[in-house]
Amino acid sequence: MKQEITFYTREQCSLCRDAKVILELLKDHHDFNINEVDIEGSDDLTERFGLLIPVVEIEGEIIQYGQIDPIVISNRLHQKC
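In full-length UniProt numbering, the protein residues as written are 1 to 81.
The hints are simulated quantities; they were obtained by calculation from the structure and are not laboratory data. Do not rely on the hints blindly, as some may be mistaken.
As the list claims (entries may be wrong) - Below, in silico cross-link-like pairs of lysine to aspartate or glutamate (EDC-like), each with a Cα-Cα straight-line distance of 20 Å or less:
1. K20 with E61
2. K20 with E36
3. K2 with E57
4. K27 with D43
5. K2 with E36
6. K20 with D69
7. K20 with D38
8. K27 with E47
9. K20 with E59
10. K20 with E57
11. K2 with D43
12. K27 with E4
13. K20 with D31
14. K27 with D69
15. K2 with E40
16. K27 with E40
17. K27 with D44
18. K2 with E24
19. K2 with E61
20. K27 with E57
21. K2 with E59
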């Protein structure tokens, strides 16, 4: 079964662009879907994640935010299999 990653992002965010590339590369090794959410469309999400983005959430649990480490994400995806 594919795992679900929610990726909180916003435009004009270089860390978000870097994180998106990392997630796309990880798809070569792990089976997951990416649900990309632009926080700019929601006051609640902007308040919750505004200073943290990008935020990577796997199955409802925040795994990382800010500068994303592909090893941490990969290890968590492997654990959830």
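### Query
Are the Cα atoms of K27 and E4 separated by 20 Å or less?
The given pair, whose Cα atoms are some 12 Å apart, holds under the 20 Å limit.
### Query
Does the alpha-carbon distance linking K2 and E40 stay inside the 20 Å limit?
27 Å, violated
#### Entry: Satisfaction of hint between E47 and K27, Cα-Cα up to 20 Å
29 Å, violated
### Query
K27 and E57: Cα distance at most 20 Å?
15 Å, holds
### Query
Is the straight-line distance between the alpha-carbon of K20 and that of D38 20 Å or less?
12 Å, holds
### Query
Between K2 and E61, is the straight-line Cα distance small enough, at 20 Å or below?
16 Å, holds
### Task
For the pair supplied as a hint, K20 and E61, confirm whether the alpha-carbon distance does not exceed 20 Å.
18 Å, holds
### Query
Keeping to a limit of 20 Å between CA atoms, is the pair of K2 and E59 held or broken?
Judged against 20 Å, a Cα distance of about 11 Å means the pair holds.
### Query
Is the straight-line distance between the alpha-carbon of K20 and that of D69 20 Å or less?
12 Å, holds
### Message
Holds or violated: K20 and D31, Cα atoms, limit 20 Å.
### Response
16 Å, holds
### Message
Holds or violated: K27 and D44, Cα atoms, limit 20 Å.
### Response
Answer violated: K27 to D44 is near 29 Å, above 20 Å.
### Task
Mind checking the alpha carbons of K2 and E57 for me, to see if they're no more than 20 Å apart?
Holds, at about 14 Å.
Violated hints for the displayed structure, listed by number in ascending order: 4, 8, 11, 15, 16 and 17.
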